[in-house]
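Novice: Build the full structure now, drawing on both the sequences and the hints.
Top line first, the protein sequences correspond to chains P and S.
Just so you know, we're using my numbering here: the first sequence kicks off at 1 and counts up by one.
Just so you know, we're using my numbering here: the second sequence kicks off at 1 and counts up by one.
Hints are supplied without guarantee of correctness; some may be wrong.
Unchecked claim - Label pairs and their computed distance ranges (CB to CB):
(1) T57(S) <-> L157(P): 39 to 47 Å
(2) T176(P) <-> S2(S): 15 to 23 Å
(3) V10(S) <-> R28(P): 26 to 34 Å
Stated by the list, open to error - Selected chain P positions facing chain S (Cβ under 10 Å, derived; list incomplete):
(4) I14
(5) L100
(6) A114
(7) A220
(8) G224
(9) A231
(10) H343
(11) L358
No wet-lab data here; the hints were simulated from the structure.
A virtual CB, placed ideally from N, CA and C, is assigned to each residue, including glycine.
Spelled out from the first residue to the last, the chains are:
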Amino acid sequence: MTELSYLAAGVLFIFGLKGLTSPRTARRGNQMAALGMLLATIVVVVDLLAMDAAMAWGIVIAGMVVGGTIGAVLAIRVQMTSMPELVAAFNGFGGGASALVAAAAIVATGADFATETATTTALSLIIGTVTLTGSFVAYGKLQGIFTGRPIAVGGVLTNGVLAGLSVALGVVGIVTGEPLAYWGSAVVAGVLGVVGVIAIGGADMPVVISLLNSLSGIAAAMAGFVINNQALIVGGALVGAAGMILTVEMSVAMNRSISNILFSGFGGGAAAEDIGTKPVKRATADDAAITLGYAERVIVVPGYGLAVAQAQHAVRDLALALEARGVEVLYAIHPVAGRMPGHMNVLLAEADISYDKLLDLDQANPLFPRTDVVLIVGANDVVNPAAKTDPDSPIWGMPILNVDEATTAIVVKRSLSPGFAGIDNPLFYEDSTLMFFADAKAAIEETTAALARL
Amino acid sequence: MSDVFIQSIVVFVLASFVGFEVIRRVPPTLHTPLMSGANAISGITIVGAVIAAATGTGWVAGVLGFLAVTFAMINVVGGFLVTDRMLEMFKKLPGPRK
Numbered sequence: 001m002t003e004l005s006y007l008a009a010g011v012l013f014i015f016g017l018k019g020l021t022s023p024r025t026a027r028r029g030n031q032m033a034a035l036g037m038l039l040a041t042i043v044v045v046v047d048l049l050a051m052d053a054a055m056a057w058g059i060v061i062a063g064m065v066v067g068g069t070i071g072a073v074l075a076i077r078v079q080m081t082s083m084p085e086l087v088a089a090f091n092g093f094g095g096g097a098s099a100l101v102a103a104a105a106i107v108a109t110g111a112d113f114a115t116e117t118a119t120t121t122a123l124s125l126i127i128g129t130v131t132l133t134g135s136f137v138a139y140g141k142l143q144g145i146f147t148g149r150p151i152a153v154g155g156v157l158t159n160g161v162l163a164g165l166s167v168a169l170g171v172v173g174i175v176t177g178e179p180l181a182y183w184g185s186a187v188v189a190g191v192l193g194v195v196g197v198i199a200i201g202g203a204d205m206p207v208v209i210s211l212l213n214s215l216s217g218i219a220a221a222m223a224g225f226v227i228n229n230q231a232l233i234v235g236g237a238l239v240g241a242a243g244m245i246l247t248v249e250m251s252v253a254m255n256r257s258i259s260n261i262l263f264s265g266f267g268g269g270a271a272a273e274d275i276g277t278k279p280v281k282r283a284t285a286d287d288a289a290i291t292l293g294y295a296e297r298v299i300v301v302p303g304y305g306l307a308v309a310q311a312q313h314a315v316r317d318l319a320l321a322l323e324a325r326g327v328e329v330l331y332a333i334h335p336v337a338g339r340m341p342g343h344m345n346v347l348l349a350e351a352d353i354s355y356d357k358l359l360d361l362d363q364a365n366p367l368f369p370r371t372d373v374v375l376i377v378g379a380n381d382v383v384n385p386a387a388k389t390d391p392d393s394p395i396w397g398m399p400i401l402n403v404d405e406a407t408t409a410i411v412v413k414r415s416l417s418p419g420f421a422g423i424d425n426p427l428f429y430e431d432s433t434l435m436f437f438a439d440a441k442a443a444i445e446e447t448t449a450a451l452a453r454l
Numbered sequence: 001m002s003d004v005f006i007q008s009i010v011v012f013v014l015a016s017f018v019g020f021e022v023i024r025r026v027p028p029t030l031h032t033p034l035m036s037g038a039n040a041i042s043g044i045t046i047v048g049a050v051i052a053a054a055t056g057t058g059w060v061a062g063v064l065g066f067l068a069v070t071f072a073m074i075n076v077v078g079g080f081l082v083t084d085r086m087l088e089m090f091k092k093l094p095g096p097r098k
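Specialist: Next up, the structure:
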């Protein structure tokens, strides 16, 4: 009966994931997955209640109340802009929980396992711990607690040595049944998570979070092997595989391989020294309003700066004002705009901007030559023509939005500082580019006001 | 290897393939909620955490069990709630673009 209920939970997870792949069914899908989780949790409690042994229910209840409250408060209070960080943090907790399940099994048995169980215990411990520390470093980078730039602690070799050491200690634990070896492998894995992620540039964090998400699934599945529980194995394997596919899709969008992202320390090393010395054309709100107000077609390119400034509603208001003047307003969303794929879509959806106005890369690029004004709000790397023109650029080959083909580009940006990837952007120095230096929200609101005066 | 373990490997491999197939070709729009939702599902480790916490004896096991349940609950409750918040906003839109 227990196994059948877990099967039902697994089926709910599959339907849930399937639902999440289409906008119409996504919310229901998420609810089905949540229902599956509730079912699995009830089943395990009922199952334990049916056993004739003393159970430490106080600890279970305390953990559920504390964890549930923290999770709910974080989820309800988070700003939509901070979503990627929060997903990273939740992910870290999930990985940590799997590592703790393995740790509890080691304590409970004194690490006296059959070889196969010992192997999965070590894997759950190692992968779970890497997920825990790696996710929190990713969180810190996105929150700005650490610099977004890559901090090379020692490169590929260090990562390799740490991974090798962690696995070697795990193997010692498996062979000798010595708990200390397991703990050692976990500690090294924790260091690996920190060192591995801290060396990756902030621009690549979405891919890293996705990969860590996949790892947290695998850690859960391994924990399932340890305690011989099918619900963990099914749920964990689903997430592990789904997360892996997502990771690959994201790196394809950036035209980079996963190993390149993980090990190249991309972003930041090559900050050009001549930033700020080349002349740019500056624009005021009135200039922007005139340029926009007499255009036929405007394409808005949102980026992380829009998210930071909470400018999505201001952009919507500007678009409404332009549309009232007969200007067509569309939005071009780069696959990796923001800090997470789909991040911009979520933000624009929050501001009630209609789906059919959002263009993806392949839809937007053919339109740019027939577009009067491109309004770039807080985006940088995704419109950097160096990706097409400079083979030495770290982002060489990445598909970008070809905004330089539009008649005019207005760039709303706080300063000339390079983007998250730390690369100078030649677009800013083009003759057809107007630079509007201001906070995105203030700039857009001023432009809307100036438009009303036209 | 025990039969139970081999059976578990079968389940693991098949579930992985289901995961691969289900996620194929998702519009980028939904990548964030999908990642967030999948992340919440990885909180299934709550089941293991509850077992560990309930059956553990001694203070070390108690602390580990408490932390495991707490962490897993943060992942599960936070993950599903935040995904729902994101998707709620999608619902207000006229419908998917064709």
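Novice: Now tell me if each hint is right for this structure.
Specialist: Against the structure, the hints:
1. T57(S) <-> L157(P): 39 to 47 Å: holds, 43 Å
2. T176(P) <-> S2(S): 15 to 23 Å: Holds: the Cβ-Cβ distance is about 21 Å, inside 15 to 23 Å.
3. V10(S) <-> R28(P): 26 to 34 Å: Holds, at about 30 Å.
4. I14: holds, 6 Å
5. L100: For L100(P), the interface hint holds, since the closest Cβ of chain S sits about 4 Å away, which is under 10 Å.
6. A114: holds, 7 Å
7. A220: This hint holds: A220(P) lies near chain S, its Cβ roughly 4 Å from the closest one there, short of 10 Å.
8. G224: holds, 7 Å
9. A231: Holds, because the Cβ-Cβ distance from A231(P) to chain S comes to roughly 5 Å (cut-off 10 Å).
10. H343: holds, 6 Å
11. L358: holds, 7 Å
The structure fails none of the hints (numbered hints given earlier).
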